[in-house]
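K.L.:
Chain order of the listed sequences is A and B. Counting along the first sequence from 1, when you hit position 3 you're at 3 in this note's numbering, and nothing is skipped either side. Counting along the second sequence from 1, when you hit position 36 you're at 36 in this note's numbering, and nothing is skipped either side.
Hints are computed from structural coordinates only; laboratory data are not their basis. Hints should not be assumed to be uniformly reliable.
Derived CB-CB ranges, DEER-like [as the list claims (entries may be wrong)]:
1) B:K192 to A:L112: 54 to 60 Å
2) B:V11 to A:D179: 44 to 50 Å
3) A:A45 to B:L261: 38 to 44 Å
4) A:D393 to B:M266: 43 to 49 Å
5) B:L67 to A:G191: 43 to 49 Å
Using N, Cα and C, we set each Cβ at its ideal position, and we do this for glycine too.
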Amino acid sequence: MRTRTTALAAITALALAGCSSGTGDSATSAPDDAATTEVEALSGALEFMTGTSIDSELYLAYEDITEAFESANPDVSIELVPSSTDHEGEVKTRLASGNTPDLWMTHGWSLLRYSEFLMPLTDELWAKDVNPALDPAMRDGDGAIYALPLDVDVAGLLYNADVLASVGVTPEDIRTWEDFTAACDEITAAGKTAIYTAGKDRWPTGLFVDWIAPGAYDEAALGTQADGTLVPESYQVALDKVAQFRDSGYFNPDYTSATSDDISLALAQGDTGFSFLMNFVAVTAYTYNPDANVGFMPIPSASGGDPYLVVGEKNAIGISSTTESPDAARAYLAFLAQPDNGSVLAKASGSAPGLTTATSDLGALQASHDAWVGKVPSVPYFDRVYMPNGAWDTIVSTTEGVLTNQMSVSDAMAKVATDFDSLTAQAQS
Amino acid sequence: MTLSRRAWGGVVGVFLVGMAAVQLAPFYVALTVSTKPRTDLSSRWLPPMDGIYWDNFARAIERGQMLTAVKNSVIVTLLATILVVVLGALAAYPLARRRTRLNKLVFLAFLGSLMIPPLSVLVPIYTLMNRIDGVNTYWGIVAIMVSGQLPLAIFLYASFIQTIPISLEEAALVDGANRFQIFFRIVLPLLKPVTATVVILAGVFIWNDYQMSLYMLTTSDMRTIAPAIGAFFSQQSSNLGAAAAASLIGLAPILVAYLFLQRYFMKGMIAGAEKG
Numbered sequence: 001m002r003t004r005t006t007a008l009a010a011i012t013a014l015a016l017a018g019c020s021s022g023t024g025d026s027a028t029s030a031p032d033d034a035a036t037t038e039v040e041a042l043s044g045a046l047e048f049m050t051g052t053s054i055d056s057e058l059y060l061a062y063e064d065i066t067e068a069f070e071s072a073n074p075d076v077s078i079e080l081v082p083s084s085t086d087h088e089g090e091v092k093t094r095l096a097s098g099n100t101p102d103l104w105m106t107h108g109w110s111l112l113r114y115s116e117f118l119m120p121l122t123d124e125l126w127a128k129d130v131n132p133a134l135d136p137a138m139r140d141g142d143g144a145i146y147a148l149p150l151d152v153d154v155a156g157l158l159y160n161a162d163v164l165a166s167v168g169v170t171p172e173d174i175r176t177w178e179d180f181t182a183a184c185d186e187i188t189a190a191g192k193t194a195i196y197t198a199g200k201d202r203w204p205t206g207l208f209v210d211w212i213a214p215g216a217y218d219e220a221a222l223g224t225q226a227d228g229t230l231v232p233e234s235y236q237v238a239l240d241k242v243a244q245f246r247d248s249g250y251f252n253p254d255y256t257s258a259t260s261d262d263i264s265l266a267l268a269q270g271d272t273g274f275s276f277l278m279n280f281v282a283v284t285a286y287t288y289n290p291d292a293n294v295g296f297m298p299i300p301s302a303s304g305g306d307p308y309l310v311v312g313e314k315n316a317i318g319i320s321s322t323t324e325s326p327d328a329a330r331a332y333l334a335f336l337a338q339p340d341n342g343s344v345l346a347k348a349s350g351s352a353p354g355l356t357t358a359t360s361d362l363g364a365l366q367a368s369h370d371a372w373v374g375k376v377p378s379v380p381y382f383d384r385v386y387m388p389n390g391a392w393d394t395i396v397s398t399t400e401g402v403l404t405n406q407m408s409v410s411d412a413m414a415k416v417a418t419d420f421d422s423l424t425a426q427a428q429s
Numbered sequence: 001m002t003l004s005r006r007a008w009g010g011v012v013g014v015f016l017v018g019m020a021a022v023q024l025a026p027f028y029v030a031l032t033v034s035t036k037p038r039t040d041l042s043s044r045w046l047p048p049m050d051g052i053y054w055d056n057f058a059r060a061i062e063r064g065q066m067l068t069a070v071k072n073s074v075i076v077t078l079l080a081t082i083l084v085v086v087l088g089a090l091a092a093y094p095l096a097r098r099r100t101r102l103n104k105l106v107f108l109a110f111l112g113s114l115m116i117p118p119l120s121v122l123v124p125i126y127t128l129m130n131r132i133d134g135v136n137t138y139w140g141i142v143a144i145m146v147s148g149q150l151p152l153a154i155f156l157y158a159s160f161i162q163t164i165p166i167s168l169e170e171a172a173l174v175d176g177a178n179r180f181q182i183f184f185r186i187v188l189p190l191l192k193p194v195t196a197t198v199v200i201l202a203g204v205f206i207w208n209d210y211q212m213s214l215y216m217l218t219t220s221d222m223r224t225i226a227p228a229i230g231a232f233f234s235q236q237s238s239n240l241g242a243a244a245a246a247s248l249i250g251l252a253p254i255l256v257a258y259l260f261l262q263r264y265f266m267k268g269m270i271a272g273a274e275k276g
């Protein structure tokens, strides 16, 4: 069957996998002259860990596009694997056991964590079209890239505009943390939750550090920390803020049992003013209540600088360096990267497209996007760039400790400092 | 006296009704969530006011492939439970009857393995299964489930066999039966109560298993119930309605089995208590 070649497959192979020319692979390039002779069809079985649930818009889009790819390449089969809530744990187990999937969603870590397991994709045709906003997060010093970004994760403070309006505040009013706490006081006085967060899912709690810390560091301090020395007085600003929010009664009382889905519900129902979460939570809020008035705004800077947005990699797909079907995998990514398909996927993820050739429709979040993106500074995810690999658990547990008042800020800082040093030493050894 | 007994009965009745309500509350919430559309933001305690929304069930069956998942769970649970019972009883018999030093050590080793948290061996087990092509196969997950449940089964069987008078076996020996005949004709029939306990404990655990099945069964044609329900959840988006509907579909076979086998379930639950 391997030699069976249909005209359609040949054309597709040329159109899609031609981007891999020059990298020395044989199966997709024509043996003699691509224009006149038949091309060997792509073949292979690929497993793709999508990192999304089985009936999400994104998964449905993957299914449609994958079906089109398979019908154009009948000898390629692609198994889409939906995710549980622990996509990261599943990927780690697979990598640790040597049963690496052919493709997986890199959830923000294509460069810093997974690059040693991934095939460099810098020479692919679509690589030059990657949204430049992603360069700091996804390209290394030499400009190499290891995953195809479908979208860009642009995040700020999520808000429910109706709740803010009910206490006479507009998002544009909030430029400093003092403005923010004044608004929170008003919302709390009105009997609503000022900041909704989720303790059951754990990870949302760590985002307080990702959101607040970048504004507490100056360039020199960021450089020091990136070089492996913690700057505790800057880091502590984030934990001090969490302690202040806690003492002011801003958090939802059901913090311990709440999930990120509950945050979406609270935003959809107008039960909360703010949340420190990514925009997909707002996208989910609109699925609960299409008439909700939810948006995102830049995060105030603790050092008095301009408010900023957090920008990072979200749905990006990497190819295992050990895949048995590298040509089929690259052709598949090239197919996903086609402008039409890239636009469908970016729209399904509810985010701005990861490739400049694609377009997206952010729906109700478009207004926030137009108001802020490109107009305020953006920073990368703090933990990914300025904390050592493996520090996320420490970030979450210490912030959680402060938020629930089970840990003083100084105890939390001591734990952060210890773990920072040991993880940095591990990384350097 | 009669009155106070009646009053006491009333108190106990109210308490039992209260306990039953607490037990049934999650099922009630699953029912209301599964029969309402996503955009219905009314309290989860309220029944659907605008008629039952069947799409969640359709999604669970079509997208979640719950019927395939139920079939897979039945196959895995039946095979693994039968193996746990057969192997557990066979292994426990010599351990209980021949109390040599080596056998005592083996028994302790089985007991010790009960203390190992299953997730701590996830990566080694997964690696092994991957090497022997056991991932995404029935035999692979059955092997893991059987090895996970065997220690407890051996412990229960061995403890039970020790309470059976040895004179029964000696009588059979005198009548000319060999060891196998003694085991299959005399001992095995006496193990019915503890077998019911083992079947319930192992069967329910295997039916409900999520973590190992999640890693071992990743393709849609192999997934069992728990990972199939889990596929409706992810960090970025979850569909609670479809997940609740999928849970109810997964619950149905166990419920039917329980209704028909209630007598045995009850017996099995108290069997251990009787024999101490």
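K.L.:
Is 43 to 49 Å right for how far apart the beta carbons of D393 of chain A and M266 of chain B are?
P.N.:
Holds, at about 45 Å.
K.L.:
Quick check: does the Cβ-Cβ distance between L67 of chain B and G191 of chain A fall within 43 to 49 Å?
P.N.:
holds (47 Å)
K.L.:
With 38 to 44 Å as the target window, see if A45 of chain A and L261 of chain B comply at their CB atoms.
P.N.:
holds (42 Å)
K.L.:
Quick check on a hinted range of 54 to 60 Å for K192 of chain B and L112 of chain A, using CB atoms only.
P.N.:
Since the Cβ atoms of K192 of chain B and L112 of chain A sit about 59 Å apart, the hinted range of 54 to 60 Å holds.
K.L.:
Take a look at whether the Cβ-Cβ distance between V11 of chain B and D179 of chain A falls inside 44 to 50 Å.
P.N.:
violated (58 Å)
In summary, the structure is inconsistent with hint 2 from the numbered list given earlier, while agreeing with all the others.
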